[in-house]
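Each chain, written out:
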Amino acid sequence: MKLLTGNDLKTGFVTWWTGADWSLHIEDAADVGEAGEAILAAEEGARRVNAPYIINGEQTADGPRPAHIKDRIRALGPTVRPDLTLKPADPAAGDWVI
Amino acid sequence: MYKYDEYDHAMVDARVAEFSDQVRRRLAGEITEDQFKPLRLMNGLYLQLHAYMLRVAVPYGTLDSRQMRMLAHIARKYDRDYGHFTTRQNIQYNWIKLEDAPAILEDLASVEMHAIQTSGNCIRNISSDQWAGAAADEITDPRPWAELLRQWSSFHPEFSYLPRKFKIAVIAADEDRAAMRLHDIGIQIVEKDGQHGAAFYVGGGMGRTPMIAPLIKDFVPLDDMLSYAEACLRVYNRYGRRDNIYKARIKILIHELGADEYRRQVEEEFKHVKSLGIDPPKAEFDRIAAQFAPPPLDASAPDAIDRSDPDFAVWVDQNVAAHKAPGHAIVNISLKPIGGIPGDASSAQIDLMADLAEKYSHDELRVTHAQNIVLPHVRKADLYAVWQALDAAGLATPNLDLISDIIACPGLDYCSLANARSIPVAQKIATRFSDLGRQKELGELKLKISGCINACGHHHAGHIGILGVDRKGTENYQLSLGGSGAEDVSLGTITGPGFDEDGVVDAIERVTDKYLAERTEGERFVDTFRRVGMAPFKEAIYG
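Protein chains in written order, with the numbering used here: chain H, 1 to 98; chain S, 1001 to 1543.
Okay, chain H solo, but in the shape it has when bound:
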């Protein structure tokens, strides 16, 4: 699957294209398929998200999972500070990254 991601203009937070809008949660990310470039061009024009780009991923039972570790770290948060991730209450959340 193809995922579209970037960083929110105001906060810099990692954000994912849901098919209609942007979400901080990768669970909401949509497979953009072949439409990625067109969405990317339109969203760059909207100037809500910085430097959006398309990545490879796979659909898993837990939802979309980026192919590269860098994007998995982006999706969750720093592996060395679980308290600062999007799932601070889940001690096993970091396993998803590695």
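Calculated from the structure, these hints are not laboratory results. Any given hint could turn out to be false.
[Claimed, not checked] What the simulated footprint calls covered on chain H by chain S, stretch by stretch (three residues with Cβ under 8 Å from a Cβ of chain S suffice, anywhere in the stretch; the number is not a length): (1) 58 to 69; (2) 73 to 87.
[To be verified] The calculated lysine-lysine pairs, modelled on BS3-like cross-linking and capped at a C-alpha distance of 25 Å, are: (3) S:Lys-1514 - S:Lys-1428; (4) S:Lys-1380 - S:Lys-1440; (5) S:Lys-1247 - S:Lys-1037; (6) S:Lys-1097 - H:Lys-10; (7) S:Lys-1428 - S:Lys-1472; (8) H:Lys-10 - S:Lys-1037; (9) S:Lys-1282 - S:Lys-1003; (10) S:Lys-1077 - H:Lys-87; (11) H:Lys-2 - S:Lys-1472; (12) S:Lys-1192 - S:Lys-1324; (13) H:Lys-10 - S:Lys-1077; (14) S:Lys-1192 - S:Lys-1274; (15) S:Lys-1514 - S:Lys-1440; (16) S:Lys-1003 - S:Lys-1359; (17) H:Lys-87 - H:Lys-10; (18) S:Lys-1324 - S:Lys-1380; (19) S:Lys-1428 - H:Lys-87; (20) S:Lys-1324 - S:Lys-1359; (21) S:Lys-1440 - S:Lys-1428; (22) H:Lys-2 - H:Lys-87; (23) S:Lys-1097 - H:Lys-87.
[Said to hold, decoys possible] Some chain H residues flagged as far from chain S (calculated, every beta-carbon gap over 12 Å): (24) Asp-21; (25) Ser-23; (26) Asp-28; (27) Ala-30; (28) Val-32; (29) Glu-34; (30) Glu-37; (31) Ala-38; (32) Ala-42; (33) Asp-90; (34) Trp-96.
C-beta: ideal position from N, C-alpha, C; glycine also.
Given the coordinates of chain H, assemble chain S onto it according to the supplied hints.
For chain S alone, kept in the frame of chain H given last:
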């Protein structure tokens, strides 16, 4: 401590106002990210993995308690309650919102700080010896010269768009605590025939192509220092490559020209530059130097230390250094608790260090390139009270220069350039070697980790260096041995094939075991490596 004059205030305030308007226009959608990016970078605002990152300059690593408290305030109000002290003696905040950036810069300006020239192809924050003004072995305090260079390089119109970034370090002792020869320009204040002058080493650096700076001039009269630096930069600015980012640093230019030809061109340029009157009149330098006058130390301070508390005695032996004044000492605060994140400090810890500086260290602190903090002027009689306060805050780890005093860049946990994580590796190594007796048996052992080839973690200069790489989407760690950023400067040599995260920890244990087996009396790890060479270590690692 240098205090801003009206010009400093005006320059910084004007920049805050200018950047505030640029942020407003960006948030309003009036300018694109491509237009805005160079503007935010000029103000130290990067976009990293999780958020914007703000890098704040700490000139030559020196700050007072008021400034330190402001760093804590920013961490608490605008970030996530911590800051990360860096190998460039700066501090970085990892969770900054763009809309908060103008207010942060205003807060910084209120305590004479800023984030200007902490990014971009300009002259970056001048670094120096963290023990400057206190070290028993220095011939003078190098910071007035560092401050002069700061003023000269700030908004220098000719050097705002260099071929690549440019880093300068200034020291004034034979012991190099600033990795001086691994800078674009390393200046050592030296003495010759009773006069002080500047030895210029030019063309050092780490990164993709590490090089040790050759000596370009052994003695530049201090009255000529700025003109000579200007000449060095001018030759670079004229001939440094702008067509290839990987060949754009001055080290590549000097390597390709040869040190002799570069020196010839600098000397020629210097004759012209000297006629321009760049060097300040003596009165102006004296005005700057007066602000670095030694603090009013207690001449009657007792020299004895009550070592009856064994934990305190261990800390004194490892983390306290000789001061030039009797009855005083230099306190090195380790930001490397076992299993912690190298260089990170919470806002409460930053506040505490500010309080201790105000109460016990003549209001001064230093940030070190090894990502630790220094209280430079502490009465020996106050050491126990300082230690107790540090210990209660988790800041009394007695591991300065031991294997767990690891330099590590933020790595892939935070940095958009990184290929692999650095911090988890540092944590695992520190945990493996957590026994203090074992660490002390290994002695001085500088271990440095970078998460990519840019080498922010100084891995080339580590007695043991680790470089994280991306091997087909998997983190892999290359090991190197024999580097040093000190006066015995050298570049590490790669041992061979890399390892996974746990494998590199095991490999380091085999390396240290081999060292213990091979060393002779008094040899540090790096001494043994230099004597016996790579072969026995390679055999120990790979069999």
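Keeping to a limit of 25 Å between CA atoms, is the pair of Lys-1282 of chain S and Lys-1003 of chain S held or broken?
18 Å, holds
Chain S covers the region 58 to 69 of chain H, three or more CB atoms within 8 Å, holds or violated:
holds (count 3)
Please work out if Lys-87 of chain H and Lys-10 of chain H have their alpha carbons no farther apart than 25 Å.
22 Å, holds
Would you mind confirming whether the straight-line C-alpha gap from Lys-2 of chain H to Lys-1472 of chain S stays at or under 25 Å?
At roughly 19 Å apart (the allowed maximum being 25 Å), Lys-1472 of chain S and Lys-2 of chain H satisfy the hint.
Lys-1324 of chain S and Lys-1380 of chain S: Cα distance at most 25 Å?
12 Å, holds
Holds or violated: are the alpha carbons of Lys-1440 of chain S and Lys-1428 of chain S at most 25 Å from each other?
18 Å, holds
Pairwise hint evaluation, Lys-1359 of chain S against Lys-1003 of chain S, where the allowed Cα distance is 25 Å at most:
At roughly 20 Å apart (the allowed maximum being 25 Å), Lys-1359 of chain S and Lys-1003 of chain S satisfy the hint.
Is Asp-90 of chain H truly not at the interface, in the sense that its beta carbon sits beyond 12 Å from all beta carbons of chain S?
Non-interface label stands for Asp-90 of chain H: nearest chain S Cβ at 17 Å, farther than 12 Å.
Non-interface claim for Glu-34 of chain H, where every Cβ of chain S lies beyond 12 Å:
23 Å, holds
Is the nearest CB of chain S more than 12 Å from the CB of Val-32 of chain H?
20 Å, holds
Within 25 Å, alpha carbon to alpha carbon, are Lys-1428 of chain S and Lys-87 of chain H?
23 Å, holds
Asp-21 of chain H clear of chain S by more than 12 Å, beta carbon to beta carbon?
17 Å, holds
Violated hints for the displayed structure: none, as all numbered hints are satisfied.
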